[in-house]
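So you can see what is in the structure, the chains are spelled out below.
Protein chains: 2
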Amino acid sequence: MDLFQSFTKHWKQAFPQFQQDNSLLLLAVSGGLDSVVMTHLLAEMGFPCYVLHVNFQLRGAESERDENFVRSLAKATSMEIFVERFDTLDYAKLKGMGIQEAARTLRYHWFEEKRKECQLQFPDKKVLLLTAHHANDNVETVLINFFRGTGIQGLRGITPFQKDRYLVRPLLPFKKEDLIGFAKIKKLAFVEDSSNGSNKYTRNFLRNQILPQLEENFPQVKDNLLQNIDRMNEVAEIYQLAIADRLGGLMEWKGQECQVPILKLKKTDQLNTVIWELIRPFGFTVQQIPELIKLMEAPNGSCLYSSTHQIIRNRKWLLIATIQPQENSFVVIESSDISIEFAGGLLNCKTITEPFTLDANSLKVMVDAKQLSFPLLLRKPKSGDYFYPLGMQKKKKLNRFFIDQKLSKIQKEAVWILESNQRIIWVIGMRIDNRFKCEPATSTALQLSFVPKGT
Amino acid sequence: MDLFQSFTKHWKQAFPQFQQDNSLLLLAVSGGLDSVVMTHLLAEMGFPCYVLHVNFQLRGAESERDENFVRSLAKATSMEIFVERFDTLDYAKLKGMGIQEAARTLRYHWFEEKRKECQLQFPDKKVLLLTAHHANDNVETVLINFFRGTGIQGLRGITPFQKDRYLVRPLLPFKKEDLIGFAKIKKLAFVEDSSNGSNKYTRNFLRNQILPQLEENFPQVKDNLLQNIDRMNEVAEIYQLAIADRLGGLMEWKGQECQVPILKLKKTDQLNTVIWELIRPFGFTVQQIPELIKLMEAPNGSCLYSSTHQIIRNRKWLLIATIQPQENSFVVIESSDISIEFAGGLLNCKTITEPFTLDANSLKVMVDAKQLSFPLLLRKPKSGDYFYPLGMQKKKKLNRFFIDQKLSKIQKEAVWILESNQRIIWVIGMRIDNRFKCEPATSTALQLSFVPKGT
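Residue numbers (our numbering), protein chains in the order written: chain A, 1 to 455; chain B, 1 to 455.
If you're looking for bench data, these hints aren't it; they were derived computationally from the structure.
If you're wondering where the values come from, they're calculated on a predicted model, not measured in any experiment.
Be aware that a few hints might be false.
Remember, identical chains collapse to one label, so a pair may be satisfied in a single copy or spanning two.
Quick list of in silico lysine-lysine cross-link-like pairs, DSS-like style, CA-CA up to 30 Å [what the hints assert, rightly or not]: (1) 163 with 266; (2) 364 with 184; (3) 9 with 266; (4) 267 with 184; (5) 267 with 12; (6) 12 with 266; (7) 125 with 437; (8) 9 with 95; (9) 397 with 267; (10) 12 with 116; (11) 95 with 396; (12) 163 with 264; (13) 125 with 453; (14) 350 with 95; (15) 75 with 453; (16) 12 with 406; (17) 437 with 175; (18) 394 with 126; (19) 125 with 9; (20) 12 with 175; (21) 184 with 409; (22) 397 with 116; (23) 294 with 9; (24) 163 with 350; (25) 175 with 364.
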């Protein structure tokens, strides 16, 4: 079977949902052998395609040559072409990235932009991005992952179809030699990339130095590694289902917050792996596994952070929650304000005169209006805060109050304070200050009601 | 922490059940660095140890040197020593094995023999075999498996404790450099093995040629691979539990025979992997996965063989059963025999004279004695066999009879025949021949009762 037949067969098996009449394919074309072969195969199949080419302007005249070559390829295959030029070096410097990383970021960002544009233009079509990664790339990727250290995910190789990115890699089952053979028969021209970026260097090292030596001792090594990839993909699926099951029994969601019972977690088998799968989705690293194991024994309130999440030990639980971005934590309330929307929710103020009924609850309180001096201040607690909890004649540190109330760190961080002239009126949603309570003599009260965010 | 401390700590963590006062350790000692270090570490810990040394007589004077060296090491550490000499070359030729494989077979066979002897001698002790495999061996093993092609099992590396073989590898967490450091400090002598067997060659190639190059590009590659091993061990455990669960829902055991419903198997996700785990324990190879997939569509009665098992398509089922070794399939029965034990079970003969009651069932029948001519023959069916099933005047091919009875291939292969003068008397356990049935005129009958094997 020639490459075109194998390719057609593979497409039908792997991507039956994408047909010539319902799809628009955006081909990422560098002008190298792989992307040129991909372009010809899809043109021959009769798919509507656009060519996307990025000129990174990293290789002077060679970059221009490549751009011109890809333009002529698009013309020859009657495909529309979009070209984008980037000052890759500038961008890399600006972002403090390596050149390869900068190029990849710019490339995929632009690809996704173009894809969305096309999708808007052709809402009835499935608009997909295609890259020309092939079996040899896959073998190299798996070797790199393996040597750098990886779990089972890294041994699955390159994903043939990434649904969330509308990204298809149709050449993945085919080897470089198959592509070369096709290019020869079809007399296809292509350009050679002389670049030697850092990641490319590692690939070249494996491709040109390591794999040929391995093949002398393990003649089928490439095929063996490709078969490993197939096996690992199935094993990983079975593993993922099992892990989802295990985690389901460990994680209790309360709104946005997740609770993990420490005792149950400690008793779990394959602890390192379960912890890894538990913390991974929240942006934690593999190096934090031992730290989480320590956290289970650490003092109450101890914390572990990723860039987006925190895990807090709260008595018998580990609480996983997003790190709240620092909001504007001061809101000034004038006497005329009746409804104040703030980061913590909504605060409604209503002046009430006698006779009034005290239908107070933790979210709706009444304070003696004559004790208030406007403007009031809505703010987050700060260290050193104290107040006189309703019913007490002695002042109490706010932090002590939180401890007595058994607030978790997360709950504590969500608390807001209402104050008047540097005196706390209300620890919102929890307790008013004794100094502001309505007395028998109170003739005017301010009714405060709080609607927490997300309720 | 020096090696002795780390080793002591590791032993206590990994093998807490084996203590100096309840264990006897048999150390496999070649005289090389690794086994010498292991010997000294365990001597220093105060374990009762015996030294086992195998002289494969493959390296002439060097083999003798090694044996002498190990004898003196045993003396120096006050350990009893057992030495065994093998004609490894002869054995390899005889068995058609490679030298390395022959040496391994001989070695582990003898080790196990010695272990059992010692266990008999010291029934109160836990008698264990110890080998000096270390972290570098583990890295090399995993690389070999990976390059040769493997599933997740092959990425788990060397097993630190193989319970069924009473085999412990206490040096597995330690690197070669740790062992070298210990030997230097303690000024330990050891011998160098100049052999270059095929497996050793692959190891030397990885150790001396590939790993140093990899380390230039992936400085931590050995540590990364060791961490991969740890991860894969946990992943594999989780995977194994999930697979056991999946297989439990697919395999129905009927005695020694296992039935797998084809429809259910076809619908299973991760089919290749599930099939592999299904057939692997029965000695099938990974190459037979596609054959099993074909078998599900193949004509009824089609078969797939491993060296020990067969899988037969039987209508909606795949039957997995052991291949019956070809037993002596002819047994001669004299008129004086009353109880015949044969491969299929037990046949009892009893002569009965009038008056008799016909309490026949499929396992206990009566035939007319005057129709019989001794000796009778007990045998397996052969092609072309026919008989006159009870109640029929026409002869019937035995094979046709089996089909009508809806016998599976396995059931068919278990059937025995009793014949007299080349006429079938009884398809044992199924039907007697019409020609031998008791008639009203019958005055003497032979009562035959059959007890199938394993009941």
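Output the numbers, in ascending order, of every earlier hint that fails for this structure. Hint check: 2, 4, 7, 8, 9, 11, 13, 14, 15, 16, 17, 18, 21, 22, 24 and 25 fail, others pass.
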